[in-house]
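Number of protein chains: 2
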Amino acid sequence: MTLLSKVAKYPFTAEPFHCDFSHRLFIGHLGNHMLNAADYHSSERGYGMNYLNPLHKTWVLSRLAIEMTEMPHAYDKFNVATWVDGAMKYFTSRNFAVSSQDDGHVYGYGRSIWALIDTDSRQPTDILSIRNGLINEYIDTDTPCPISKPSRVQLSPDAPVVRTADVCYSDIDVNGHVNSVKYIEHVLDTFSIDDFKGRHIKRFEIAYVAESYYGDKLQFSHEQTGEDEHVVRIDKIAAGDNKPIEVCRSKVNFAKD
Amino acid sequence: MTLLSKVAKYPFTAEPFHCDFSHRLFIGHLGNHMLNAADYHSSERGYGMNYLNPLHKTWVLSRLAIEMTEMPHAYDKFNVATWVDGAMKYFTSRNFAVSSQDDGHVYGYGRSIWALIDTDSRQPTDILSIRNGLINEYIDTDTPCPISKPSRVQLSPDAPVVRTADVCYSDIDVNGHVNSVKYIEHVLDTFSIDDFKGRHIKRFEIAYVAESYYGDKLQFSHEQTGEDEHVVRIDKIAAGDNKPIEVCRSKVNFAKD
Chain H
0 MTLLSKVAKY PFTAEPFHCD FSHRLFIGHL GNHMLNAADY HSSERGYGMN
50 YLNPLHKTWV LSRLAIEMTE MPHAYDKFNV ATWVDGAMKY FTSRNFAVSS
100 QDDGHVYGYG RSIWALIDTD SRQPTDILSI RNGLINEYID TDTPCPISKP
150 SRVQLSPDAP VVRTADVCYS DIDVNGHVNS VKYIEHVLDT FSIDDFKGRH
200 IKRFEIAYVA ESYYGDKLQF SHEQTGEDEH VVRIDKIAAG DNKPIEVCRS
250 KVNFAKD
Chain U
0 MTLLSKVAKY PFTAEPFHCD FSHRLFIGHL GNHMLNAADY HSSERGYGMN
50 YLNPLHKTWV LSRLAIEMTE MPHAYDKFNV ATWVDGAMKY FTSRNFAVSS
100 QDDGHVYGYG RSIWALIDTD SRQPTDILSI RNGLINEYID TDTPCPISKP
150 SRVQLSPDAP VVRTADVCYS DIDVNGHVNS VKYIEHVLDT FSIDDFKGRH
200 IKRFEIAYVA ESYYGDKLQF SHEQTGEDEH VVRIDKIAAG DNKPIEVCRS
250 KVNFAKD
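Chains as they are written, first to last, in numbering that gives the first Met the number 0: chain H, 0 to 256; chain U, 0 to 256.
This is chain H alone, in the form it adopts within the complex (with noise of 0.2 Å):
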């Protein structure tokens, strides 16, 4: 079997609509692009959700961080490259390169963390186990990324509840729970807007504890934890229950303009 290259890249525009009002990309579309760039890369090479959903397997974001020196604007035109820089039996590593296809220069890099789960238990299922151990033909640990790796994310116990949001249709994608990128933009919508003026965002690490679904409540607690450094953690509330259950955290840090 010919083996393809262990990095590879794909292309994106920022669509205007996916700008926000100081017309640079949604770090939340970055992000989707980013997933979908895994779901490619890794589709190519055997171990997809194509090939891995008829088997009743899935991979499961568990750890994004994206830090960025310069967000795409309006209609550039950018590159995500993607590879594998570690595999164990329950976690992967892949890291993202964000480059202009006009002059190549650097937007960024994305570090995250994935699992192999069983949709019939949502357990962890054994990555080496998939086609003898295929992905490990694959893991690049030359490529550079240099940014840190996702953190331990820390929150006040009483951090305040600042927004509530019931889980809707459109929350909802093709795996049946909340979509990754729907909690990047629940984070950011604690924020005022006032928060994006003047600054944007540097780094964006998000951690995935739990799935929440259709029917449950969301809760957003929202810390600032630095003069640019503030930290959300999203709990659920399932429908009936009033036990809050944690979902996610994420610290987001800004720079000046």
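Hints may contain errors.
As a list, the in silico BS3-like pairs of lysine-lysine whose alpha-carbon atoms are at most 25 Å apart [what the hints assert, rightly or not]: (1) H:Lys-76 to U:Lys-76; (2) U:Lys-8 to H:Lys-76; (3) U:Lys-148 to U:Lys-255; (4) H:Lys-216 to H:Lys-242; (5) H:Lys-8 to H:Lys-216; (6) U:Lys-216 to H:Lys-216; (7) H:Lys-8 to H:Lys-201; (8) U:Lys-201 to U:Lys-242; (9) U:Lys-216 to H:Lys-196; (10) U:Lys-196 to H:Lys-216; (11) U:Lys-76 to H:Lys-8; (12) U:Lys-76 to U:Lys-242; (13) H:Lys-88 to H:Lys-201; (14) H:Lys-148 to H:Lys-201; (15) U:Lys-242 to U:Lys-216; (16) H:Lys-148 to H:Lys-88; (17) H:Lys-76 to H:Lys-8; (18) U:Lys-148 to U:Lys-201.
In case anyone wonders, no lab produced these hints; they're calculated from the structure.
Given the coordinates of chain H, work out where chain U should sit on it, guided by the hints.
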């Protein structure tokens, strides 16, 4: 000056995370692809946002109707063809046809009405004054668009408010007001997810009446007007105000799967 073709088509993919629990493309994302196709088509022909915005003018979507015999499924590659079939002083009508890249079969059609406004006064401005009425060179009344025009959507004055939402950072696009596609998501989020089980949206229409902004509260009135027909009105309540002002109204027709 060489004229381009009157009809142009643009390729899109039904990205997996842009599909709902039934693996069909969310109609909001299809609407976004249509808006992109309209933007590319008008920009290539000399009267797009990239030319108009520096002149303090922009296109504003007034009405959109989408009627589908089938919705693209996850990973389907499709084209959105678009053309202008009429231009008057203050309004143009633009049509869309969505077809498979694989076998050319038609998924459905769209019809839209656009106004050109002055971005300083927010008042309508003369479309035919742009490049000496260049748009008239591109009117195509031959290409078929076999769906009815956007209709006048009727709603009882006492239709109940079923949901409210604050306008947040993620709702606001490059134009500084709530993104047209976000309203489509909001309309669909007044339905139960069960409404989308065993049936699908056959026709969706929306009429945009006023703009809404960061800080507004949106309220959604929903009325069932037939076995498979529902009407949703969105009103805004500006901060410090308590008088609802109509922002848009929408009609959704379902068909059994």
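Taking the hints in turn, this is what the structure says about them:
For the proposed pair H:Lys-76 and U:Lys-76, the alpha carbon gap of about 20 Å is at most 25 Å, so the pair holds. Our distance criterion of 25 Å between C-alpha atoms is met by U:Lys-8 and H:Lys-76, whose separation comes to about 19 Å. Proposed proximity of U:Lys-148 and U:Lys-255 is supported: the alpha carbons are some 23 Å apart, at most 25 Å. With a CA separation close to 11 Å, the supplied pair H:Lys-216 and H:Lys-242 stays within the 25 Å bound.
Only pairs whose Cα atoms come within 25 Å are accepted, and H:Lys-8 paired with H:Lys-216 is rejected, the gap being roughly 37 Å. Restraint check for U:Lys-216 and H:Lys-216: satisfied, since their Cα atoms lie roughly 19 Å apart, inside the 25 Å limit. For the proposed pair H:Lys-8 and H:Lys-201, the alpha carbon gap of about 23 Å is at most 25 Å, so the pair holds. Between U:Lys-201 and U:Lys-242 the alpha-carbon distance is near 34 Å, which puts this suggested pair outside the 25 Å criterion.
With a CA separation close to 21 Å, the supplied pair U:Lys-216 and H:Lys-196 stays within the 25 Å bound. About 21 Å separates the Cα atoms of U:Lys-196 and H:Lys-216, which keeps this hinted pair within 25 Å; it holds. About 19 Å separates the Cα atoms of U:Lys-76 and H:Lys-8, which keeps this hinted pair within 25 Å; it holds. For the given pair, U:Lys-76 sits about 45 Å from U:Lys-242 by alpha-carbon distance, which is inconsistent with the 25 Å threshold.
For the proposed pair H:Lys-88 and H:Lys-201, the alpha carbon gap of about 32 Å is over 25 Å, so the pair is violated. Using a Cα cut-off of 25 Å, the hinted pair H:Lys-148 and H:Lys-201 holds, with the two alpha carbons roughly 15 Å apart. With a C-alpha separation of about 11 Å, the suggested pair U:Lys-242 and U:Lys-216 falls inside the 25 Å cut-off, and the hint holds. A C-alpha spacing of about 19 Å is found between H:Lys-148 and H:Lys-88, which places the hinted pair at or below 25 Å, so the restraint holds.
Of the supplied pair hints, the one linking H:Lys-76 and H:Lys-8 holds, its CA atoms being roughly 13 Å apart against a limit of 25 Å. With a C-alpha separation of about 15 Å, the suggested pairing of U:Lys-148 with U:Lys-201 holds against the 25 Å cut-off.
When the structure is compared with the earlier hints, violations turn up for hints 5, 8, 12, 13 and for no others.
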